Amino acid sequence: MIVSKPTKKRPKNLNLLTIRLPINAVVSIMHRASGVALFLLQPLLLLALQQSLAGATEYAAVREVLQHWSVKLCLIAMAWAFFHHFFAGIRHLAMDVHWMTSLQKARFSSRVVLILGVVSVVIFAWWIW
Amino acid sequence: MLIELLTKKYPGMRQWLAQRLSAVYLALYTFLLVTMLLIKQPADFTQWQAFFAPWWWRLLTLLMFISLAMHAWLGVRDVLKDYIFNVTLRGYLQLLVDVVLIIDLVWVSTILWNIN
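So the protein lines, in turn, are chains A and B.
Counting from 1, position 126 in the first sequence corresponds to residue 187 in our numbering; the numbering is continuous, with no gaps.
Counting from 1, position 11 in the second sequence corresponds to residue 26 in our numbering; the numbering is continuous, with no gaps.
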């Protein structure tokens, strides 16, 4: 007789298409992703800054590039990364000083962060268009 | 107790604090930048250059970029530690990140330096 060792079959769900993250986790992973994106985008920002300050011709050229609709869409995406990172960061700082740390409040502040990010992006988009 | 946590014995605590302090400065600079842009509303090249002309504004901007480099270094390092398990590979990636951050910092210094 074979006595099989009782192996515990624990449920494992690592399928990214079926995982539903709680809202705090959504804010958290977006904070990471936007942070990495902002780090990678810094050279582009510096290039634009350098060219815009190099002379009147370069300044006009940068302005013209930024007028294109596809570039504006990219700017809006970058702005979202920035605003989300900004508001989620303030939420982290608030939690560091033990503000809004209960689960219910953390969920509420997560929602506030997401909404503030979207509202800021809408204002930004309206402003550049 | 609190002071002791910030001595060299606990480098993690110092880095944790550095990440927060740089974050606070980055946020303050953001508010300052938006306010300055709303007040001065630079509309052409001359005004744009004049916007960056004051020495104190360039100093605050450089401090912002130094904070940004520190903040990004700590943040990207944490991300790499979480997702790259091969120590050798992570070491090379971290080196690459360090080089990029140093180039960014030198680059922005020359930009701010060269404004007439």
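Calculated from the structure, these hints are not laboratory results.
Any given hint could turn out to be false.
Lysine-lysine pairs mimicking BS3-like chemistry, simulated, CA-CA at most 25 Å apart [stated by the list, open to error]:
hint: 1; chain 1: B; residue 1: 24; chain 2: B; residue 2: 96
hint: 2; chain 1: A; residue 1: 133; chain 2: B; residue 2: 55
hint: 3; chain 1: B; residue 1: 96; chain 2: B; residue 2: 23
hint: 4; chain 1: A; residue 1: 73; chain 2: B; residue 2: 96
Some residues of chain B that are not near chain A, with every Cβ distance over 12 Å (derived) [as the list claims (entries may be wrong)]:
hint: 5; residue: 35
hint: 6; residue: 50
hint: 7; residue: 105
With beta-carbon atoms standing in for the labels, derived distance ranges [to be verified]:
hint: 8; chain 1: B; residue 1: 19; chain 2: A; residue 2: 79; range: 19 to 29 Å
hint: 9; chain 1: A; residue 1: 97; chain 2: B; residue 2: 30; range: 44 to 54 Å
hint: 10; chain 1: A; residue 1: 117; chain 2: B; residue 2: 53; range: 20 to 30 Å
hint: 11; chain 1: B; residue 1: 68; chain 2: A; residue 2: 80; range: 44 to 54 Å
hint: 12; chain 1: A; residue 1: 85; chain 2: B; residue 2: 125; range: 36 to 46 Å
hint: 13; chain 1: B; residue 1: 107; chain 2: A; residue 2: 189; range: 30 to 40 Å
hint: 14; chain 1: B; residue 1: 21; chain 2: A; residue 2: 151; range: 16 to 26 Å
hint: 15; chain 1: B; residue 1: 25; chain 2: A; residue 2: 137; range: 40 to 50 Å
hint: 16; chain 1: A; residue 1: 80; chain 2: B; residue 2: 130; range: 42 to 52 Å
Given the structure is predicted, the values throughout are model-derived calculations rather than measurements.
Ideal placement from N, C-alpha and C gives every residue a C-beta, glycine not left out.
Evaluation of the provided hints:
1. 24(B) / 96(B): Distance of about 22 Å is within 25 Å: holds.
2. 133(A) / 55(B): The hint holds at about 23 Å.
3. 96(B) / 23(B): Satisfied, since the Cα-Cα distance of roughly 22 Å is no more than 25 Å.
4. 73(A) / 96(B): holds, 24 Å
5. 35: violated, 6 Å
6. 50: With a cut-off of 12 Å, residue 50(B) remains clear of chain A, as the shortest Cβ separation is near 15 Å.
7. 105: Residue 105(B) is indeed farther than 12 Å from all Cβ atoms of chain A, at 15 Å.
8. 19(B) / 79(A): 19 to 29 Å: violated, 47 Å
9. 97(A) / 30(B): 44 to 54 Å: violated, 18 Å
10. 117(A) / 53(B): 20 to 30 Å: For residue 117(A) and residue 53(B) the Cβ distance comes to about 24 Å; the hint holds.
11. 68(B) / 80(A): 44 to 54 Å: Holds: the Cβ-Cβ distance is about 52 Å, inside 44 to 54 Å.
12. 85(A) / 125(B): 36 to 46 Å: Given a distance of about 42 Å, which is inside 36 to 46 Å, the answer is holds.
13. 107(B) / 189(A): 30 to 40 Å: Since the Cβ atoms of residue 107(B) and residue 189(A) sit about 38 Å apart, the hinted range of 30 to 40 Å holds.
14. 21(B) / 151(A): 16 to 26 Å: Given about 23 Å between the Cβ atoms, the range holds.
15. 25(B) / 137(A): 40 to 50 Å: holds, 42 Å
16. 80(A) / 130(B): 42 to 52 Å: For residue 80(A) and residue 130(B) the Cβ distance comes to about 49 Å; the hint holds.
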